Structure formats: C-alpha cells, structure tokens
Amino acid sequence: MLNYYDPRQHRPDPNQDLGTPARLSEKHVALTIDGLEISVPEGTSVMRAAALAGITVPKLCATDNLEAFGSCRLCAVQIEGRRGYPASCTTPVAEGMAVTTQNGKLAKLRRNIMELYISDHPLDCLTCPANGDCELQDMAGAVGLREVRYGFEGANHLDAPTDDSNPYFSFDASKCIVCSRCVRACEEVQGTFALTIDGRGFDSKVAAGQDEDFMDSECVSCGACVQACPTSTLMEKSVIDQGVPEHSVVTTCAYCGVGCSFKAEMKGDQLVRMVPYRGGDANHGHSCVKGRFAFGYATHKDRIKTPMIRDSINEPWREVSWEEAIAFSARRLKETQAKYGRESIGGITSSRCTNEETYLVQKLIRAAFGNNNTDTCARVCHSPTGFGLKTTLGESAGTQTFDSVMKADTILVIGANPTDAHPVFGSQMRRRLREGATLIVADPRRIDLLKTPHGGRMLHLPLRPGTNVALINSLAHVVVSEGLEDQAFIEARCESGAYRAWRDFILEERNSPEALEAVTGVAADKVREAARAYAEVHNGAIYYGLGVTEHSQGSTMVMGIANLAMATGNIGREGVGVNPLRGQNNVQGSCDMGSFPHELPGYQHVADPAVRDRFEAAWKVKLDDEPGLRIPNMFDAAIAGTFKALYVQGEDIAQSDPNTQHVQAALTSLDCLIVQDIFLNETAKYAHVLLPGSTFLEKNGTFTNAERRINRVRKVMPPVAGKEDWEVTQDLANALGYPMNYSHPSEIMDEIALLTPTFTGVSYAKLEEQGSIQWPCNEQHPDGTPTMHEVDFPIGKGHFAVTEYVPTEERATRRFPLLLTTGRILSQYNVGAQTRRTANSQWHDEDVLEIHPSDAELRGIREGDWLGVSSRVGHTVLRCRISDRMQPGVVYTTFHHPGSGANVITTDSSDWATNCPEYKVTAVQVEKVSQPSEWQKRFEHFDRRQRDYLESAGNERTTDEPAPMGK
Amino acid sequence: MSGQGLEQLVKMVNQISANMHGATDEQAADKVATHLQKFWARSMKEQILAYADDGGEDLTPISRQAVERLREVRAAG
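These protein sequence lines are chains A and B, in that order. According to this note's numbering, the first sequence holds residues 1 to 967 in order. According to this note's numbering, the second sequence holds residues 1001 to 1077 in order.
Treat the hints as calculated values from the structure; they're not laboratory data. Mixed in with the good hints there might be a few duds.
Away from chain A, derived, C-beta distances all over 10 Å, residues of chain B [what the hints assert, rightly or not]:
1) Arg1042
2) Leu1059
3) Gln1065
4) Glu1068
5) Ala1075
6) Ala1076
Looking from chain B toward chain A, a few residues come up when the C-beta cut is under 7 Å (computed) [as the list claims (entries may be wrong)]:
7) Gly1005
8) Gln1008
9) Ile1016
10) Ala1018
11) His1021
12) Phe1039
13) Ala1041
Straight-line C-alpha distance at most 20 Å; calculated DMTMM-like pairs for lysine to aspartate or glutamate [what the hints assert, rightly or not]:
14) A/Lys205 to A/Asp120
15) A/Lys451 to A/Glu495
16) A/Lys27 to A/Glu95
17) B/Lys1031 to B/Asp1054
18) A/Lys622 to A/Glu751
19) A/Lys105 to A/Asp34
20) A/Lys928 to A/Asp855
21) A/Lys620 to A/Asp731
22) B/Lys1031 to B/Glu1068
23) A/Lys390 to A/Asp403
24) B/Lys1038 to A/Asp625
25) B/Lys1011 to A/Glu809
26) A/Lys108 to A/Asp138
27) B/Lys1011 to A/Glu804
28) A/Lys301 to A/Glu319
29) B/Lys1031 to B/Glu1072
30) A/Lys797 to A/Glu809
31) A/Lys526 to A/Asp504
32) A/Lys237 to A/Glu135
33) B/Lys1038 to A/Asp613
34) B/Lys1031 to A/Glu626
35) B/Lys1038 to A/Glu626
36) A/Lys237 to A/Asp203
37) B/Lys1031 to A/Asp120
38) A/Lys334 to A/Asp311
39) B/Lys1038 to B/Asp1054
40) B/Lys1038 to A/Asp608
Here the structure is a predicted model, which means the values were calculated and not measured. All residues carry an ideal CB built from backbone N, CA and C; glycine is no exception.
My request is simple: use the sequences and hints to build the entire structure.
Now the structure itself:
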C-alpha cells in the first residue's frame, strides 16, 4: 500500500498539480482507487489521493493551491455503494472507499461536459497564446472530445471584450470558462478580493472591482489569477508577444527580503516570464507585482555594458576594457593609500548582491585594502536588529519561518507594512487573519493590513513617530503588572539578575500606559487591551520593520521587543517569535557575510584573536584587530579629508542615505570613487570608475531571506558586460596583489562554510538536495534550523535589557511643526533603479507627500498642490496627497524617485548604538509653493550633465522609461 | 578630523551615554567604554581621546568618564 504521511517529508513534485490542497491530519484513511490501495491523511480529497497514487482525474476548476470548488464536474468519479457521480475534488476520502476514475459512463459524462464548454469557446487553438499550455485543450484531449454537436449560432460569449489595461497581462473574456479559479486565487492566495463573478447562470462573468478595468480596480497585479487561469483568458502579455517558453530555471527573486522562488521561463537566453515556484519554501507558489512582472529592467537599454573611467567627475566618461578599468582602479586605490594611509580607503557591500559576492567584497577590503572599512546598506535599515537581538537573544536574526505565522494566535506588527513592502508574506499573514488570528498594529499610519477583508479582531495603536520605546515599555508594564508573564519560561531560560533589574524598571509607574499616554498619543486602555491580546493567547508573534529600527532609539526598541517576547514565553516554538522583516533581498545575507566593520562573517568580532587566527590562516594575511568606519563615519571622514577612496558594489548611497547634501559633499571629497552597478545610479554620477554590474538573472550564488533561508540564485542568461559581480571583485583583488582564484561561487560558499560556525553544513550540493537551508546549519543542526532558540540561546540564557525611553532630539518645533516619516509602496522597490525602468511606474510615477486633511486645511493646501517641505537640513518640493491614513501632525513620503529629494530633508540623527539613520522622524514645515526647490534645480542640472557625460562615451541616452515588454 | 567631524563624534558618544544604563555611573561609563572599544573605528577612538585630552568640554560627565575608561582599556591592550 502507498502511504502518505507528513507531506513535508514526502514532498510531492512541485511541478505536479495534485488538484486540492494537502491535509495535515495525523489520522490516516485507507481506500482503493482503480484497485490501487492507498492511505492518505484524513480530509484529503479523492482527487488528491488519486493524484498521489499516480492516477490522473480530469479537472478544470480544481488546482491544489485553492480549496475545492466543485463547479466544472469534469472530475466526476464513481464510488462503490454511493449513488451518482460525485466530484472527486469535493469528496473527502473515507475508510474502505472503493473509487473508480475511468469507465465508459464516466468517459461519456466527461465528453458531454467538455462539449458544452467548447460550444462557447473560440476554436482558435493554433493562434491562441496558450497553445501548448492550456488545461482546456489538455482536457479536451484527455476526454477524447471529437465533435461539438451544438452550433455557435445561439447566444455566446465569443465577442466578449478583452481588458488590456494592466501592463503585464490581458484579460480576454471570450476565452473564459468561468471556473472561478482567478476569483478564488485573488481571495485565498492573495487576499485582496478584487475579483468576483458578476451575474448568474449564462450571464456569469469574471469582473474586477465594481466591474471596472483591472487597472482601475483594487487589483494589485500579483499575478495569482494569471497563474490560476486554465485557459488563455488571463495571460502574460510577454507570452502573447513571444510564445510559450521552452525551458525554465528555478531561481530566487532579487526584490524584497521574502526571497520568493521563481521559475524563470525562457526561450534560449530570453526571459519570457517569471512564474512563482510552487516548491519555494518562502512563497509556496505566490508572488507580487515586482517579482512576477518587473524584470524588464534587466534588458533595459540603460544597462551599463562597458567599464568606464574618468579622472574627474566634471569630465565625460571613457569606455575602456575590463583590464584597463581594473588596473586604473587598483592604481588609484594604491596611490590613495600611499598618500593618505592604509585606513583612507574602504568599500560598501551590497544587500542586493549574492552572499558569495558580499563575502568577497568584505574579504577584499579586509585582506587586500588591509583595513576594516567595510559596511553595507543594512547600516541604514536593520543594523539595530543585529545589535538588539544579539544583546538579548544572542543571535542577529529573526527566530521563525514565515510559515510559523499560520500558528500565531495574535500577530503584533510594529513599524512594518507587509502588504506593500513584503507582499507575499503580507498575503500569508492575511490568510492567518482570515482564519481568526488577532491583529495588533503599532504604526503612526493606518496601514492596509488593518483593512484585511474578512480578518478577525484588529487593534490599531496609532503612536506618534519616535515613541516606540515608550509604547513597548508600557505594553511590557501591563504584562508584568497584570501577571501575564510566563514565569516558567523566564526562570528556565533567562538570566535572573538582568530579569530582576528589568522587572523593577518596567514596573515603575512612569512606564505605565497611563503615564505614557501623553508621550505616545495612544489611549492607555487601548495599550492595555493590546498587551492582553498579545500575552493572554497561547502564541503571540511579533513582526517588525524599519519603523522600529530607523530611529534614534532603534536598538533600544529591538531590545524592548525581545524583552516582551521573553517575558511572555513567546520564543522557541512555531507560532511565536521575534521577526524582523528585512527590506532588501539579501540584507540578512550581507549582515551574515561580515559586511559590518566590527564583525567577520558569522558575526565574529574582529578583536577576538581566536577568530582572527582562523581567518588569517585561511586568507593568508594579517588582519586589523580594530573595527573600521561605518557608512556615516566614512562620510564624515571624507568631508574631514581623511577618507579618500571608496568601492561601492550595488548600492545607491547618494539616493538612499539621509541628508543627501551631506552625502553629496562627502562623495565629491573623494579622490577615487569606484561604483559597480547595473545603471548609472545617483552615486555613479560622482564616480571615477563605473564597473558594469550583473543582475540576479546573470549569475550564480545564494540569497538569504528574512527567515535565514539560504536560496539558490541561478544564472539564466549571460552577464551583459561579460562578468558576474564576484568576478569583478576577484579581478580587483588580484590587481591589488591579493590573489583570489575562485572558478565558481560554490567554491566561495565552501570557504564561507569553513570559516562561519553557523554555516558549517551549507554547500551547493546540500542546497540542491534540500531546495533551501535555514541557518544555523552545522553539526548540531545538520538540516538547518527553522525555529531558533528552542532549547537555549546562543548566549545561554536570554538577557533582559533595561530599555529607558530617551526621546529623540528631532522633535516638532514652532518652525518645524510636523513630523515626516518615510516608507515604501508596493509597486516600487527601494531607490527605484529597477522598478522605475519597468511598467510598475504606471502605479507610482512620482513620490507624493501624504498629509492629514486637517493639516492641509490649516495651510490652505489642496490635493495635487506642489508642497515645499523643509527640515533643518534641506528643502524639497513634492506633490500633495490628502490622506486620512495619516494622523494630524504627521506627514509621509517615499524615496523611490531621485528627483523627489526625500532624503534631502532627512537628517543625520541616528540610532545611538549603530548609527542607523532616523528616517522615520524628521521635523518639517510644509507650505504651498510654485516651483521646485533649489536642490531640485541643482539636481536636475547635475543629472543632465552626468547623463550627457555617459552619452558622449557612446551610450544611449538614459531615461527612466520602461523597457518594452520582453525585449 | 576636526570641526564638524569631531562635533559629530562628541554628539555620538553623548548619545550613547544617554542610552546606556547601569546601576551606578561608573557601571554606565564602563558599558559606554566597552561599546566604543567594540564598535568604533581606531581613528574615531583616537580623536575622541585627543578631544578629552584637550579638555573635552562638550562631553557629558558619563561620557567623560567613559572616554577615560576607554583610555585604560586601550592602554591595557
């Protein structure tokens, strides 16, 4: 008998559609299907059981990522002792059941059903975009349909119009069989509920929103409906243009920290479409508008295709060979060190590049530059996570898998906006909320998660920007003072002295919600209600984002979160935990790989002689035992004249870092700036060397997502300039006289495994075998670690840290009475260099300033007005959007477009422990204006000049216009 | 480094002192010194030590104590 126990152990082929979702019951039921004995978990459908037994039952409306619907009737079977022909998708297995899937009667029934479908379906298979990839076509073949007796003369849908409004897919209603798979995918997978079936009976049709065009509806273009469609009704335009792909490669998305697995579907070396991979452990076959569709930037004409150099930034670029560019770079770096000293140069690793590339850049800096002046963009996003979690829990990483959220009873989201910034995980969270979990959101804005359709209980704590620590202290105060602590956990797992000190501190009346109400702006009874909702359930899980870290008390807040989780025993099992949602695809990886100036790979401090010994032996070089400069320190040192050269791989500090004018001043102070990127980004405009970067489609490597999951990145096309990024770093090292001789990134990973205790068991072979690995992966955890801290903490006992609320110095004044907070939106990614060069700009073609109606009225501001936004460091102009998502006194913008100058306004105020900038709090004034700011005028002038310099080197004129689809 | 750069370092150390807590001032200063030793670049430490030598007038009392403690830590190697 075939036995199917835990589907995780007997993982079915992800490319096979088993018809209905898995059931996880431990109780098993035995039955026979076409005489074959099989045992499956209770609750499994007959259709799935048959598929597991290797028997295919025809189907149209069923697919295994959606609950069974039973509308097409094609999957009818016969069951001994039962009347009629039950649908196998909606019929659960029963003990001793005897099922027949094929006989003369069933064949006739299925042919009749298909005949009816086809009688109202265009017969243009040969010219249809889905030709060869159409389930309707397959089923017609499977049931042996040979004739259609009903004519096409009667009423039909053959002339139904096509909705082409979405830039990435079209909706051809004439081909729709109304199976509802798209409607159900929108509900069950994505959770947006944008689609519905309009009308009844013959008039039934799929409608977006209030029967609008897809673009005008609430559709978020995640692609779930397109993937679910069994015909060519919902079809990628790239497939309509180019035809069905001929091969595919599984790889990992290079957008956010969810790290979705995709099948890159190809024709030769041309990418036709990205389809979310059902075997992906982070996304289970779901996607968002970025990963699914916004890949056209990879072949955009703005790609830098040749290395370029120049002596000064006031000169045009000169195209040169790789050899000349590398030799020029090495010479300039050496000259700089000869003149200004060993510590006068440094580099920045990329959180968008692979682990192997990041590892190599920090190795280049430590071994070939001979100093520790390495940092990464995690400095400006999650460095407080590293500091805070290492201090309290002993490891700089989130504690759970994404799937863990499905066991959470209360989900506490602080300073994160998952439906925009981590959309695929946002959808999973929404699924859990629809199952009844309680949601608590602590955020100055009313984020969309609070509007989850069919969600359960939802609490919003709309705190004032900058008061996170006050809020977390008051939540903890309620937990302790109302006796909601998990004493058993605390006694067994936490350091008692530190706990007692923390307990005494948190119990002080000044930390009560009543005392802090005036600070946070959140009503005390709501804080109490939220604290109980988190602490009283079995599983409370905390998810947080940059709204926690990007503050002057970011590190304190991270520790406050860890304290709260420990105090309530919400650590060390599924359904709980402390979960930082990482911004960029490989922020976790770049931190793990030793990008920070004080830590070698694996968070091993440079001052530890035993650690250094091991690295020195492997790298055959003496290492500096003192930390190097962090990014903001590099800028300060550049302005002071002691830091003179910088190598930046895949990061746009001139746009993403705060106080743009300060950054610009620093960059112009450098004697040598080497930028390696796929486009002429803002930083590259200040560079002397521009080295072409490669996209994730053009290289091999690994990314590590927010759940510590190491996923393979696989090359599907050759790099446009001939080199993967790690090869360029290697060339530079060799030119500097430090030999590197890797022939494949797998060799770099082997070296990482050798030197990083949490990576000992990681290898490309193991990744092939397992699909992905969550570190730590070593002798103690040979297959990786889905849930951290199950038995103890890496520091032994958990450490409660006293989290005094120290207000930021950045506060509203008479001159700057509003607080600006910055964030992200769904369709654009970070500095927008990629997404701005795709049709995603149709959703967001400029950054706007969101302002509360009362603040707008006070200033006589209307929707669409140009607004001058000033802070103590700068001034910019943005268009106004009036929004009641904001609270009075708070304004909001994004930083996806360079000309917006959002970071011209943000200041040098930063986290006390890590210098992570305080992007989330800037005191500003807003007024109506009629022209761009002085900075914007200068920006435009400089931008135009730099584009000219690029063009004169033989490049095409750069624009931000999207590439034509699929070209 | 001088001027703006130094000003920034003084601001940073004072901010660390304001956020680090200990049972006594001495304990707090100790923690701040450990933090500086662990996270600051050599050049930054040297500058703040030189600034303290010159009087360090903008350092808060805990910061001043911390910088002195840092000097001892570094002297001890």
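Tested hints:
With a least beta-carbon separation of about 4 Å from chain A, B/Arg1042 fails to lie farther than 10 Å from that chain, contradicting its non-interface assignment. The beta carbon of B/Leu1059 sits about 15 Å from the closest Cβ of chain A, which is more than 10 Å, so the claim that it is off the interface holds. Every CB of chain A is more than 10 Å from the CB of B/Gln1065 (nearest about 17 Å), matching its label as outside the interface. Distance to chain A confirms B/Glu1068 as a non-interface residue, since its nearest Cβ pair spans about 19 Å, more than 10 Å.
In this structure B/Ala1075 is separated from chain A by more than 10 Å, as the shortest Cβ-Cβ distance comes to about 15 Å. Every CB of chain A is more than 10 Å from the CB of B/Ala1076 (nearest about 13 Å), matching its label as outside the interface. With its C-beta approaching chain A no nearer than about 4 Å, B/Gly1005 sits inside the 7 Å limit, and its interface hint holds. Evaluation of the B/Gln1008 hint against chain A yields a held restraint, the C-beta minimum of about 5 Å falling below 7 Å.
Proximity of B/Ile1016 to chain A holds as hinted, the smallest CB-CB distance being about 5 Å (cut-off 7 Å). The interface hint given for B/Ala1018 holds, since its Cβ lies 5 Å from the closest Cβ of chain A, which is under the 7 Å cut-off. Hint status for B/His1021 relative to chain A: holds, with the closest Cβ pair at about 5 Å, below 7 Å. Look at B/Phe1039: its Cβ gets to within about 5 Å of chain A, closer than 7 Å, so that hint holds up.
For B/Ala1041, the suggested interface contact is upheld, since its CB lies about 5 Å from the closest CB of chain A, less than 7 Å. Among the hinted pairs, A/Lys205 with A/Asp120 is consistent with the structure: their alpha-carbon atoms are about 13 Å apart, no more than 20 Å. About 40 Å separates the Cα atoms of A/Lys451 and A/Glu495, which puts this hinted pair outside 20 Å; it is violated. For the proposed pair A/Lys27 and A/Glu95, the alpha carbon gap of about 11 Å is at most 20 Å, so the pair holds.
For the hint pairing B/Lys1031 with B/Asp1054, the CA-to-CA distance comes to about 23 Å; that exceeds 20 Å, so the pair is violated. Only pairs whose Cα atoms come within 20 Å are accepted, and A/Lys622 paired with A/Glu751 is accepted, the gap being roughly 18 Å. Straight-line distance between C-alpha atoms of A/Lys105 and A/Asp34 comes to about 15 Å, which keeps the hinted pair within the 20 Å bound. About 12 Å separates the Cα atoms of A/Lys928 and A/Asp855, which keeps this hinted pair within 20 Å; it holds.
About 18 Å separates the Cα atoms of A/Lys620 and A/Asp731, which keeps this hinted pair within 20 Å; it holds. Only pairs whose Cα atoms come within 20 Å are accepted, and B/Lys1031 paired with B/Glu1068 is accepted, the gap being roughly 12 Å. With a C-alpha separation of about 23 Å, the suggested pair A/Lys390 and A/Asp403 falls outside the 20 Å cut-off, and the hint is violated. Between B/Lys1038 and A/Asp625 the alpha-carbon distance is near 10 Å, which keeps this suggested pair within the 20 Å criterion.
With a C-alpha separation of about 11 Å, the suggested pair B/Lys1011 and A/Glu809 falls inside the 20 Å cut-off, and the hint holds. With a C-alpha separation of about 17 Å, the suggested pairing of A/Lys108 with A/Asp138 holds against the 20 Å cut-off. Between B/Lys1011 and A/Glu804, the direct Cα distance comes to roughly 19 Å. Compliance with the 20 Å bound is thereby established for this hinted pair. Restraint check for A/Lys301 and A/Glu319: the C-alpha separation of about 16 Å stays at or below 20 Å, so the hint holds.
A hinted pair counts as satisfied when its Cα atoms are at most 20 Å apart, and B/Lys1031 with B/Glu1072 qualifies at roughly 13 Å. With a C-alpha separation of about 34 Å, the suggested pair A/Lys797 and A/Glu809 falls outside the 20 Å cut-off, and the hint is violated. Between A/Lys526 and A/Asp504, the direct Cα distance comes to roughly 23 Å. Violation of the 20 Å bound is thereby established for this hinted pair. Taking the CA atoms of A/Lys237 and A/Glu135, the gap is near 19 Å; set against the 20 Å cutoff, the hint holds.
The straight-line distance between the Cα atoms of B/Lys1038 and A/Asp613 is roughly 18 Å, inside the 20 Å bound, and the hint therefore holds. Distance hint between B/Lys1031 and A/Glu626 is fulfilled; the C-alpha atoms sit about 18 Å from each other, no more than 20 Å. Pair hint B/Lys1038 plus A/Glu626 holds up; C-alpha atoms about 8 Å apart against a cutoff of 20 Å. At roughly 27 Å between alpha-carbon atoms, A/Lys237 and A/Asp203 are farther apart than 20 Å, so this suggested pair is violated.
For the hint pairing B/Lys1031 with A/Asp120, the CA-to-CA distance comes to about 77 Å; that exceeds 20 Å, so the pair is violated. In summary, the hint linking A/Lys334 to A/Asp311 is supported, as the alpha carbons are separated by about 15 Å, within the 20 Å threshold. At roughly 24 Å between alpha-carbon atoms, B/Lys1038 and B/Asp1054 are farther apart than 20 Å, so this suggested pair is violated. A hinted pair counts as satisfied when its Cα atoms are at most 20 Å apart, and B/Lys1038 with A/Asp608 qualifies at roughly 10 Å.
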